[in-house]
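For chain A, the structure is supplied; the task is to place chains B and C on it using the hints.
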Amino acid sequence: MPLDYRRFNGPEDSVSYRRFTEDYTKDYKQFLDELIDENGRRKGGREMDEARTLCMFFARTGMISQAKGSSYIELKRTKVACSVFDPREIVHQNEYSTLGQLYCEVKFAPFSCRGERKALVPDSDERALSVALKKALEPAVCRHLFPNYQIDIFIYILENDGACLPAAINAAGLALSDAAVPMYDIITASSVAISGDKIFVDPTDDEEQLAIRNHDGVNHGVITMSMLPELQQVSDYRQIGSMDADCVLNALSILEKECKKIVPYVQRVLVQNAINSFEQQKKLEEEAKEREEALNAKMEVWKSILNVG
Amino acid sequence: MAGLLLSPSEKVYILHGIEDDFRSDGRSNIDYRPMELETDVVSHASGSARLRLANTDILVGVKTEIDVPKPDKPNQGKIDFFVDCSANATPEFEGRGGEQLANNISNLMQRAYHSEQAFDLKQLSIFEGKQCWKLYVDILILECGGNLCDAVSLAVKAALFNTRIPFVKAALLDGGNVDLQLSDDPYDSKLLEVGTAPLLVTLCKIGEKCVVDPSAEEESCSVISLVVGVTGNPKCYCSNEDASKLHEHISKCSTIAMNGPGSVAPQTLTNAIKQGINAAKYLDEALGKALLRERQDITNFVKHSYGFFK
Amino acid sequence: METETIKEVGKICIPGMRLSSSDKGHLSGPGTYELKGYIYSMLTGVLKTEEDEERKATKICVVSPRTPSVLPVTGDIVTAKVTVVNSRQVNCIILCVGPSPLVRPYRGILKKEDIKFTDKDRIDPYKCFRPGDIILARVLPMTEIHWYHLSTAENELGVVIATAEGSPQGISMVPISWSEMQCPKTLAKEPRKVARVIPENINQALFPVDSKEPQKQNGVGNK
Numbered sequence: 001m002p003l004d005y006r007r008f009n010g011p012e013d014s015v016s017y018r019r020f021t022e023d024y025t026k027d028y029k030q031f032l033d034e035l036i037d038e039n040g041r042r043k044g045g046r047e048m049d050e051a052r053t054l055c056m057f058f059a060r061t062g063m064i065s066q067a068k069g070s071s072y073i074e075l076k077r078t079k080v081a082c083s084v085f086d087p088r089e090i091v092h093q094n095e096y097s098t099l100g101q102l103y104c105e106v107k108f109a110p111f112s113c114r115g116e117r118k119a120l121v122p123d124s125d126e127r128a129l130s131v132a133l134k135k136a137l138e139p140a141v142c143r144h145l146f147p148n149y150q151i152d153i154f155i156y157i158l159e160n161d162g163a164c165l166p167a168a169i170n171a172a173g174l175a176l177s178d179a180a181v182p183m184y185d186i187i188t189a190s191s192v193a194i195s196g197d198k199i200f201v202d203p204t205d206d207e208e209q210l211a212i213r214n215h216d217g218v219n220h221g222v223i224t225m226s227m228l229p230e231l232q233q234v235s236d237y238r239q240i241g242s243m244d245a246d247c248v249l250n251a252l253s254i255l256e257k258e259c260k261k262i263v264p265y266v267q268r269v270l271v272q273n274a275i276n277s278f279e280q281q282k283k284l285e286e287e288a289k290e291r292e293e294a295l296n297a298k299m300e301v302w303k304s305i306l307n308v309g
Numbered sequence: 001m002a003g004l005l006l007s008p009s010e011k012v013y014i015l016h017g018i019e020d021d022f023r024s025d026g027r028s029n030i031d032y033r034p035m036e037l038e039t040d041v042v043s044h045a046s047g048s049a050r051l052r053l054a055n056t057d058i059l060v061g062v063k064t065e066i067d068v069p070k071p072d073k074p075n076q077g078k079i080d081f082f083v084d085c086s087a088n089a090t091p092e093f094e095g096r097g098g099e100q101l102a103n104n105i106s107n108l109m110q111r112a113y114h115s116e117q118a119f120d121l122k123q124l125s126i127f128e129g130k131q132c133w134k135l136y137v138d139i140l141i142l143e144c145g146g147n148l149c150d151a152v153s154l155a156v157k158a159a160l161f162n163t164r165i166p167f168v169k170a171a172l173l174d175g176g177n178v179d180l181q182l183s184d185d186p187y188d189s190k191l192l193e194v195g196t197a198p199l200l201v202t203l204c205k206i207g208e209k210c211v212v213d214p215s216a217e218e219e220s221c222s223v224i225s226l227v228v229g230v231t232g233n234p235k236c237y238c239s240n241e242d243a244s245k246l247h248e249h250i251s252k253c254s255t256i257a258m259n260g261p262g263s264v265a266p267q268t269l270t271n272a273i274k275q276g277i278n279a280a281k282y283l284d285e286a287l288g289k290a291l292l293r294e295r296q297d298i299t300n301f302v303k304h305s306y307g308f309f310k
Numbered sequence: 001m002e003t004e005t006i007k008e009v010g011k012i013c014i015p016g017m018r019l020s021s022s023d024k025g026h027l028s029g030p031g032t033y034e035l036k037g038y039i040y041s042m043l044t045g046v047l048k049t050e051e052d053e054e055r056k057a058t059k060i061c062v063v064s065p066r067t068p069s070v071l072p073v074t075g076d077i078v079t080a081k082v083t084v085v086n087s088r089q090v091n092c093i094i095l096c097v098g099p100s101p102l103v104r105p106y107r108g109i110l111k112k113e114d115i116k117f118t119d120k121d122r123i124d125p126y127k128c129f130r131p132g133d134i135i136l137a138r139v140l141p142m143t144e145i146h147w148y149h150l151s152t153a154e155n156e157l158g159v160v161i162a163t164a165e166g167s168p169q170g171i172s173m174v175p176i177s178w179s180e181m182q183c184p185k186t187l188a189k190e191p192r193k194v195a196r197v198i199p200e201n202i203n204q205a206l207f208p209v210d211s212k213e214p215q216k217q218n219g220v221g222n223k
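If you read the protein sequences in the order shown, they are chains A, B and C. Here UniProt numbering is used: position 282 in the first sequence is 282, and no number is missing along the way. Here UniProt numbering is used: position 4 in the second sequence is 4, and no number is missing along the way. Here UniProt numbering is used: position 135 in the third sequence is 135, and no number is missing along the way.
These are calculated hints, taken from the structure and not from any lab test. All C-beta atoms in this analysis are idealised placements derived from N, C-alpha and C, irrespective of residue type, glycine included. Don't take each hint at face value.
Stated by the list, open to error - As a list, the in silico DSS-like pairs of lysine-lysine whose alpha-carbon atoms are at most 30 Å apart: (1) C/36 <-> B/274; (2) A/29 <-> B/78; (3) A/134 <-> B/209; (4) B/78 <-> A/134; (5) C/11 <-> A/257; (6) A/198 <-> B/274; (7) B/73 <-> A/118; (8) A/107 <-> B/134; (9) A/261 <-> C/11; (10) A/283 <-> C/36; (11) A/198 <-> B/281; (12) A/29 <-> B/11; (13) A/43 <-> B/73; (14) A/29 <-> B/245; (15) A/261 <-> C/36; (16) C/36 <-> A/260.
Unchecked claim - Simulated DEER-style distance windows between Cβ atoms: (17) B/9 <-> C/100: 49 to 55 Å; (18) A/286 <-> C/143: 45 to 51 Å; (19) B/189 <-> A/263: 54 to 60 Å; (20) A/21 <-> C/10: 56 to 62 Å; (21) A/41 <-> B/68: 36 to 42 Å; (22) B/171 <-> A/66: 55 to 61 Å; (23) A/47 <-> B/82: 42 to 48 Å; (24) B/86 <-> C/10: 55 to 61 Å.
Same shape as in the complex, but just chain A (with noise of 0.2 Å):
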């Protein structure tokens, strides 16, 4: 791996403590008790299928004011924030091409994720949810109106407790709409965790760890699925681990309602994004026209004095 040697690395043959802590040493069946209580509700209080509510925190100037548009997300622990950039050249590109480019960018705060500090230096898990998101995000957005340019779509993970390939789908959705980036639909997106019979639906990190996990040949694995809802369309179906084909169809049946149920959250922020702007902007006209009539009356005073002169 290439060193940052501008920054200070840490010894590198490092390990974190919690290496050393009880949880470490745990197995499957201790940890799926300790997700799992007697009633079968998740840690937290949640159902199986019951996803985190969506706390979504759309700014327009707020979050990031350099950006032509951002977004926010939070899913209870894991923080999304995301900024959208207006098209521009692309850099190393000697090829004419109709379609316009997206350029994705994930990148994990250094201390978001439990145990390993994060480099700064994008590791393969971050070129890989860039992929994933560049993947999610193509079929909605029209990319014929900007051939030969590219949008800059940067995502920074504030903290990760599981599900943020989904959050960044989600954040970016957003962030294009709120940069007026013309899209053909708006996009969620939403994953579960399937460990034997049990399917967490957005899913925690615990349970990401837990799905990910081999037990004696059960099916485990995590699903991604991206969804454009009025096109009825998937635009991203994303999957690692190992099972069987009834389990696969099973999940995605699941997160094709949860994709579905996430529709109302999106399209009531972006109402309520688009009253504000509308507001903000009458407010800015209220205020020109309340100085241009200021200007006017000091221009009819000065016209007086001179004609007086």
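Frame of chain A, contents of chains B and C only:
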């Protein structure tokens, strides 16, 4: 995928053919093109394979090295995939041109081999928590004729099947450092269990239908393709006596991904996944048979080595 | 309270919202797209309808409160600022597309032969433009990656705002003919490719003949 220019009428021709289940090279929508496979083609690699799928040419070499296992997985080895898109294949790969494609394929392979049910990394452990084998799977794309993912996964599985890892004669623990003694005899080595290793099946959506094994021309007609990674059946990769001892195998999806800028309807996705799992099953059987025959030939010294002359 | 403000703002659309069927009576305008016989919104904004008199149809548009991320498209009229003039071409920076300003400046190139409609072989770029001029131009089909090709070969296109050499900033010259402008302060005359600007508030009925003829000649439609 790589710089192919087709006129609209050529595309329409391909599209109409696929609608009638009759493709431009005479195949039906679920047929693969002919394949040629040879293992043990590179002398300095622990295992190697070369696969030619019509015009797609893949060479895979496996190198083994000794490494320290990850602290959170002390009893597992490591496997890494590197894809090199050679500029020989198409001039577009020159410089950093093929980088994105290469990253895409290696990520896909990494994800497909991620699950323990797909490839058991425990067999690469030497000394728990101290030392393990690390497999470097280097994939060289020599020629690009469409359907790279499938060809790569087949070649990788064949190369891993062919890989020999030397036996460890003795391991001494000397003040926390491990001192290994390996066997010198190249034939004194163990083979990997790769029966469950996944195969990738690409389903290319052209018009309203999905086809397997798209040619380069067909790929350029499509905006979206689905890649399904399906675990193999270990029964196909061992002799009949051993096969009867094994459990009944259920094919599982070890990864699913979408490639290309388009999107699909949920129903199409469901059908494609089913179609992919089915195709992978047949592919796996055929690969198993070919590899077993090849191994038989090697042990009986009747194998003809063709290398790159064929 | 919320519903009141919504009513005040108008009909709010979000991307992917189905607005109407696309038929003879309904046209897809800016901010919308057509798919399988329907018109959908592609921006977050307010629904606006315009009557298109030529085609006797309702044009459906969505107007965003923010400047939409648009780029110049072939056929658009753009406002640009001249940066460099040489004997073969004029380089400029595109500032606006139609009525909407661009956030980033995009580069445009005006080739010598695209400056005027007539006398193409005798055009001298130095006698048509000077760095700093604000011009109106039409976007030609895109052939290069990093810049747009422009054309001013129409009566309505060319220099709109220009300052004479040596005149103080902010004093723009007044057109005195198709090829000359004069500074009102210093009375210096300078050659320019002058655009005939039709003020938007003048009723078109005032010049029924003038406004139609060049349109037919150059194949320009009001977009």
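Verification of the hints:
Note on residue 36 of chain C and residue 274 of chain B: the hinted pairing holds, with a Cα-Cα distance of about 29 Å set against a maximum of 30 Å. Restraint check for residue 29 of chain A and residue 78 of chain B: the C-alpha separation of about 25 Å stays at or below 30 Å, so the hint holds. At roughly 25 Å between alpha-carbon atoms, residue 134 of chain A and residue 209 of chain B fall within 30 Å of each other, so this suggested pair holds. Between residue 78 of chain B and residue 134 of chain A the CA atoms are separated by roughly 29 Å; this keeps the pair inside 30 Å, and the hint holds.
Only pairs whose Cα atoms come within 30 Å are accepted, and residue 11 of chain C paired with residue 257 of chain A is accepted, the gap being roughly 28 Å. Using a Cα cut-off of 30 Å, the hinted pair residue 198 of chain A and residue 274 of chain B holds, with the two alpha carbons roughly 22 Å apart. Simply put, residue 73 of chain B and residue 118 of chain A have alpha-carbon atoms about 19 Å apart, close enough for the 30 Å limit, and the pair holds. Restraint check for residue 107 of chain A and residue 134 of chain B: the C-alpha separation of about 28 Å stays at or below 30 Å, so the hint holds.
A distance of roughly 24 Å separates the Cα atoms of residue 261 of chain A and residue 11 of chain C; the hinted pair therefore holds under the 30 Å criterion. A hinted pair counts as satisfied when its Cα atoms are at most 30 Å apart, and residue 283 of chain A with residue 36 of chain C does not qualify at roughly 40 Å. With a C-alpha separation of about 27 Å, the suggested pairing of residue 198 of chain A with residue 281 of chain B holds against the 30 Å cut-off. Using a Cα cut-off of 30 Å, the hinted pair residue 29 of chain A and residue 11 of chain B is violated, with the two alpha carbons roughly 55 Å apart.
Between residue 43 of chain A and residue 73 of chain B, the direct Cα distance comes to roughly 25 Å. Compliance with the 30 Å bound is thereby established for this hinted pair. Restraint check: the Cα-Cα separation between residue 29 of chain A and residue 245 of chain B comes to about 29 Å, which is no more than 30 Å; the hinted pair holds. A hinted pair counts as satisfied when its Cα atoms are at most 30 Å apart, and residue 261 of chain A with residue 36 of chain C qualifies at roughly 26 Å. Of the supplied pair hints, the one linking residue 36 of chain C and residue 260 of chain A holds, its CA atoms being roughly 22 Å apart against a limit of 30 Å.
About 38 Å separates the C-beta atoms of residue 9 of chain B and residue 100 of chain C, a value inconsistent with the hinted range of 49 to 55 Å. Against the hinted window of 45 to 51 Å, the Cβ-Cβ separation of residue 286 of chain A and residue 143 of chain C comes to about 46 Å, which satisfies the hint. For the pair residue 189 of chain B and residue 263 of chain A, the supplied restraint of 54 to 60 Å holds, since their beta-carbon distance comes to about 57 Å. For the pair residue 21 of chain A and residue 10 of chain C, the supplied restraint of 56 to 62 Å holds, since their beta-carbon distance comes to about 58 Å.
At roughly 41 Å, the beta-carbon separation of residue 41 of chain A and residue 68 of chain B lies within the given 36 to 42 Å, and the hint holds. Hint check: residue 171 of chain B to residue 66 of chain A, Cβ distance near 58 Å, so the stated range 55 to 61 Å holds. Between residue 47 of chain A and residue 82 of chain B the CB atoms are about 44 Å apart, so this pair conforms to the stated range of 42 to 48 Å. Evaluation of the 55 to 61 Å hint for residue 86 of chain B and residue 10 of chain C yields a pass: the beta carbon distance comes to about 58 Å.
Of the hints listed earlier, those the structure fails to meet are numbers 10, 12 and 17, in rising order.
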